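2 protein chains.
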Amino acid sequence: MNICLLAVGKTDFNFVNTGTEEYFKRVKRYVNFDFRVIKDIKNSKNIDNSLQKQLEGEKIISNITNNDIIVLLDENGKEMNSKIFSGFIQKQMNNSVKNLVFIIGGAYGFSEEVYKRANYKISLSQMTFSHQIIRLIFAEQLYRAFSIINNEPYHHE
Amino acid sequence: MNICLLAVGKTDFNFVNTGTEEYFKRVKRYVNFDFRVIKDIKNSKNIDNSLQKQLEGEKIISNITNNDIIVLLDENGKEMNSKIFSGFIQKQMNNSVKNLVFIIGGAYGFSEEVYKRANYKISLSQMTFSHQIIRLIFAEQLYRAFSIINNEPYHHE
Numbered sequence: 001m002n003i004c005l006l007a008v009g010k011t012d013f014n015f016v017n018t019g020t021e022e023y024f025k026r027v028k029r030y031v032n033f034d035f036r037v038i039k040d041i042k043n044s045k046n047i048d049n050s051l052q053k054q055l056e057g058e059k060i061i062s063n064i065t066n067n068d069i070i071v072l073l074d075e076n077g078k079e080m081n082s083k084i085f086s087g088f089i090q091k092q093m094n095n096s097v098k099n100l101v102f103i104i105g106g107a108y109g110f111s112e113e114v115y116k117r118a119n120y121k122i123s124l125s126q127m128t129f130s131h132q133i134i135r136l137i138f139a140e141q142l143y144r145a146f147s148i149i150n151n152e153p154y155h156h157e
Numbered sequence: 001m002n003i004c005l006l007a008v009g010k011t012d013f014n015f016v017n018t019g020t021e022e023y024f025k026r027v028k029r030y031v032n033f034d035f036r037v038i039k040d041i042k043n044s045k046n047i048d049n050s051l052q053k054q055l056e057g058e059k060i061i062s063n064i065t066n067n068d069i070i071v072l073l074d075e076n077g078k079e080m081n082s083k084i085f086s087g088f089i090q091k092q093m094n095n096s097v098k099n100l101v102f103i104i105g106g107a108y109g110f111s112e113e114v115y116k117r118a119n120y121k122i123s124l125s126q127m128t129f130s131h132q133i134i135r136l137i138f139a140e141q142l143y144r145a146f147s148i149i150n151n152e153p154y155h156h157e
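Protein chains in written order, with this note's numbering: chain U, 1 to 157; chain X, 1 to 157.
This is chain U alone, in the form it adopts within the complex (with noise of 0.2 Å):
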């Protein structure tokens, strides 16, 4: 299984790069993964939110393709804990996933066209991360999920 972050806009934070890239580093010990950043739209006084919605969500239709297994990281989705989510992971390997995407909304969140497209939404918490610190405790998790999955020792209860 392939498994790829989409992620709309660069991180203005370093250590955001920093952490997330140690943490994917160890993520591909396991599997292939692919971290890639989607532009995000500039906030202008001609766009307003849901315009600018509109057209990320229109970069991230163009950016997945049929066959992917759309994961909408969302703050209106289902709740897991870790062992959970790494049952989820070990489910799409199980049912021969070839390419599993999860995706991290700019400022704004999702369109709705994305909303329609995705196969499941998860949400990692019920507060409001910032989009950049999502994708550093997604990487955490993604790399925890894989040492559950692998018994390894980085996970105890």
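Mixed in with the good hints, there may be bad ones.
No copy labels: a pair is met if it fits in one copy or bridges any two.
Stated by the list, open to error - Okay, derived cross-link-like pairs now, DSS-like style, lysine-lysine, Cα gap no bigger than 27 Å in a straight line: (1) Lys121 / Lys83; (2) Lys121 / Lys45; (3) Lys39 / Lys98; (4) Lys78 / Lys121; (5) Lys91 / Lys45; (6) Lys91 / Lys28; (7) Lys42 / Lys59; (8) Lys25 / Lys10; (9) Lys25 / Lys91; (10) Lys10 / Lys91; (11) Lys42 / Lys28.
Since the hints were made in silico from the structure, they are not lab data. Since the model is a prediction, treat every value here as computed from it, not as a measurement.
Given the structure of chain U, go ahead and fit chain X onto it with the hints provided.
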């Protein structure tokens, strides 16, 4: 009100220090804030997990005073969204709390004594995060809480 974050153990990752410093700098615009690290007990053959928790618990207790209001960041605590968390902090200020102390435990969690002393337990997510990543998440949430209390635009629903 003074807010303190007590955490057990130095972080291995520079990006965690850089990230928490960034948010704590912002938090200090709103409130007296202090971040204190308690040296952890090194895991060794002579010390099992439960003794490690016990000894770390004694250090935690010796770092707090009788009138401090103690909030454990604990995966069995109450989950809150960011707005409810900001309301929790506002309530402590309204109650004229002098010292509000958040505590992040070591790798094996808190001892019974620490649980007994705690006033509140809050969970940041159903997911398990490394106790280092928790510092970063907490730092962003504390900043977000003050931006909500002060009606600033950082948090948008």
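Consistency of the hints with the structure:
no., hint, verdict
1, Lys121 / Lys83, "both (17 Å within a copy, 22 Å between copies)"
2, Lys121 / Lys45, "neither (31 Å within a copy, 44 Å between copies)"
3, Lys39 / Lys98, "within (25 Å within a copy, 46 Å between copies)"
4, Lys78 / Lys121, "both (6 Å within a copy, 23 Å between copies)"
5, Lys91 / Lys45, "neither (45 Å within a copy, 38 Å between copies)"
6, Lys91 / Lys28, "within (19 Å within a copy, 45 Å between copies)"
7, Lys42 / Lys59, "within (13 Å within a copy, 49 Å between copies)"
8, Lys25 / Lys10, "both (19 Å within a copy, 23 Å between copies)"
9, Lys25 / Lys91, "within (23 Å within a copy, 42 Å between copies)"
10, Lys10 / Lys91, "neither (31 Å within a copy, 36 Å between copies)"
11, Lys42 / Lys28, "neither (32 Å within a copy, 30 Å between copies)"
Going through the hint list in order, the structure does not satisfy hints 2, 5, 10, 11.
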